[in-house]
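Colleague: Chain by chain, the residues:
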Amino acid sequence: MSILGIADPLRFIFDIGGFFIIYSMLSISMNLDYGFAGIPNLGKVMYFAVGAIVTGSLSLRIISEISGIPLGDFVTQNISYSITAGNWLSHHPIEAVGISLSLIGLSSLISGFVGILSSLPAIRLKETYLAITLLVSGELVRVISSYYAPLVGGTVGAHVPDFFSWVGVGRIHDLFLLAYLAAFMVASYIASRLLVMSPFGRIMRAHRDNEEALMSLGKDPVYVRGSTLFVSSAIAGAAGSLYAIYSGNVNAGDFVPDKTFILSLIIVIGGMANVNGPLVGSLIYIVIDRVVRQAKFFLNVPFDVNYLSIGIMGVILLLFFFFRPKGILPEKPIVIARNKKLKNVSE
Amino acid sequence: MSQEHVSSSPPIKIGEKILLAENIKKSFGGLVALDGVTVGIRKGEITIIIGPNGSGKTTLLNVVSGFLKCDLGRVLYKGNDITNMPPHKINELGLVRTFQIPQPFSNLTVLENLLVASRESKGLKVLNAMKKSKWIEYEERDVERATQILNIVNLGKVADQPASKLSGGQLKLLEIGRALMNGADTVLMDEPAAGVAPSLAHEIFSLLRRLAREKEMTFLIIEHRLEIAMGYVDYAYAMAKGRVVAQGKPEEVVNSPIVIETYLGG
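Respectively, the protein sequence lines represent chains R and D.
In terms of the numbering used here, the first sequence opens at residue 306 and continues consecutively.
In terms of the numbering used here, the second sequence opens at residue 108 and continues consecutively.
Only true hints are included.
Once the Cα atoms are required to be at most 35 Å apart in a straight line, the calculated DSBU-like pairs of lysine-lysine come out as:
1. R:Lys-431 x D:Lys-196
2. R:Lys-637 x D:Lys-196
3. D:Lys-272 x D:Lys-232
4. D:Lys-272 x R:Lys-431
5. D:Lys-322 x D:Lys-124
6. R:Lys-564 x D:Lys-239
7. D:Lys-348 x D:Lys-185
Treat the hints as calculated values from the structure; they're not laboratory data.
Can you make the complete structure from the sequences, with help from the hints?
Modeller: And the structure:
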């Protein structure tokens, strides 16, 4: 039983699951910025990169501190030490979970503050210029971390040890890892849902619709952008950290702007400013992408077959623009119950 | 020893000047839009600014409400110097404005448009927002107040429609509803009756009259439809080419030769 040369279908589904979780979190983040608050965040990949870089840079170093096993040179000893660290973690489950949780938390927090920082140019810049500034900032992070080796291994990358080596190997290990990732995705989804259904969420949408009117009513758009970017970037940073843990490797060169464009594509197809839109969009993209990657051994196309999934998504995007411009799940007006206690009303 | 409000001046009584714009100058490149305009607004009164198109009325309103920075002059509101302050800071002191071309939050419902205007809710802080228990009380109170205001401005029936579905006249009413919901005591209105049926325009002005009398609210209004507005206002300024050319009782201003000349002579 082998479809498209997939020897282990369950493993393939796990793989889709892992990427689906990470892309869902990133597109939830993108949707908060662009879909709800109207901030054209073309630097989204930067917060993802910051999360992954923090985790990639610190995981071996922290384990070295805690385990007492000396690390040596971070760049040259990286691969061998990640195996040593994995072995050590397999005997120390509490430390493994503790360290991974702290890394995810720290990555998320640092990324959140980078989000607040990047809202500062937005005080003076509007739409297009802000989008360009954010795009360039993302590239800046990628270029610097690619060439400054002590940070995250430079062009060689840095390894992240297997934090679930204590579970064992095989499917049970993969299932554990997937469940761990899924918990963060669910938390991000709930957080985004609570946020957009709140009075602050209303201000976010008002900011998107009409910034001048919002100012005239006493709301500070700088605060709206800063707070939105803090939350969305924290989610993207957590996704970056999870990606590092999931793939076991961080290579700064991976964080190219294409990722941001794919995320915008995902939310347009899924439905902008709809909390469930990012999940639907991510699922479609990840399934197409993973299947194409698998099918490439059987396809004979006159270009690099890895770009095929982007091509397919491009065609889907055009079809959506023509036939369903608001995406699969369009934004719905939020109807608030009146003359009743709101507590008794279901959303 | 820091104080929230720097102003130590006593509260302003009815009939005293609450808003004063002194010697305001504003140019756009070579075009002088405001050439030393001085305007004072008394608390509890409805003041109107008339003048032909291009006379600088909207520019003045934009400067006072913080949407444009003036080149020269100063604006005092309740004893505070608000010259060139950002609009949301000015609003915090109690001054709200409406727009000549309505500026709705198009994808929000009419009710939500009003709720955005509410100034006090713990749910506006991002860290509180995710805990419903922190803001639900404020929200319930706001929804109740918004519902009352929607009934006052005749938008009760369309409360759950997105603002993008409203007619031009309804959008005007929404602007007024938002200003009321904002809870400000001073309202600057840019042509509240433009594009509105005469009977509705009279309703709008009677409402403003009532709010001025009962709630001691202050209004500064730009309006072209003098035949409707004049019966409701206390004081009038006439502007032409970036200057105040006449001021005083409404009927005197409208009938003054210089005003008639600016309107007819262009």
